[in-house]
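Chemist: Sequence:
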Amino acid sequence: MHTKLPNILVVDDSKAILIVMKAIFNELEMPEVTTCLSAVTALEKVKPDINFYDAIFTDLNMPEMDGMELIRNLGEIGYCGAIIIISEMNPKIISLAADLAKQHNVHLVGNLTKPVQLNQVNTLLAKIAQLNSHTLVKERPITKAKLISALKNNEITPYYQPKININNNQIQSVEVLARIVSSKDERVILPSRFISLAEQCDLINDITFTLFEKACGDIKQLKEQLGTNLKLSFNLSPCQLDDLNSPNKLLQLLQKHDVLPSDVVLEITEQHALSSYTQLETLNRLRIFGFGISLDDFGTGFTNINQLKQLPFTEAKIDRSFISHIETDKFSQVVVSSLINMTTQEQLELVAEGVERPEELAYLKHYQTNLAIQGFLFSCPKAKAEFISWAQHWIKTAAKTKNS
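Each residue of the sequence shown is one higher than the one before, starting from 9 at the first, in this note's numbering.
It is possible that part of the hints are untrue.
[What the hints assert, rightly or not] Below, computed lysine-lysine pairings styled on DSS-like, alpha-carbon distance capped at 25 Å:
#1 Lys154 with Lys390
#2 Lys239 with Lys222
#3 Lys373 with Lys408
#4 Lys192 with Lys392
#5 Lys408 with Lys160
#6 Lys408 with Lys390
#7 Lys192 with Lys152
Because the hints were derived from the structure by calculation, they are not lab data.
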């Protein structure tokens, strides 16, 4: 069962399609659906509160304003909900629509073919609900005072999540994720409660450097347990690339712990576009120093395929929205196939994040490519001791499977 989405907008110039969509949503116990016969009217309904609608279903071929124009306008006003296209589309149109949506910074998650079927709609709603479960803020952000206290009391703690080679089941790298672990009661605070605050208060570098130093201190033990080729991945936001001293600071921390830059991948998140000369210089210097550079959440942010080719990235991470229910989602299948072909041509590493279901893993194995996979299906982020215990068990199990 999918989590009910309270506010849905359907846009199509066909009254018959709107009647069918209303009937489908009613059957799915979601009667509160807004319908519009034109994109112009739909846009006027969205503008007063751009966060009101959780999902917008839209046709492409409409008079006055077509579906692609609507998507562009939604991006311009900052709409951040899910968008689903209602149209019979061939793979080339799907790829182009996805790339255009990405350039307009809107979240295109799939398409419905006509005639629309209930099971199609239900699958997409389940996908949207699953994605929303990762982004929903279930607790209030901590206070600035609490964050400063956590830094002062050395409570910023690295948690580890593996990236696994899909062909041989080996752990090829580990993403390092920040947690605040209370020194009083060991209560764990998730990053959704403090990362945005840290960026607002100009404390994000303090968190990153603390995390970096602690994880680099752990890497020797991790390599002893998991193998000498293991790499660590860290998240950086574009705003951190505005600091021209960042490459030297990170390099000094590595040298302190005898870690090579080639052992580290920096994942650039895409809350903001990479555009300033300072950011591009910092990115280039990091690559010159030998760091791997990964584009996180590729497919939903500001960086398009041409920029991925032009900028010094060594890796791309496919956003979880294209992995969720991929085994039945034709839209995601076309997009992921295109990304795999492109990264293969450009000789980039590729990671599929957000793998949570066996069906998703089984489908990804069909690609027969050197893909790395990451997600709760294998392991949630864990503290060092718990992660090492999990990894040892995983390695033994993988070895038995290989030899059987």
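Chemist: Which hint numbers does the structure go against, in order from smallest to largest?
Modeler: As far as the earlier hints go, only 5 is violated by this structure.
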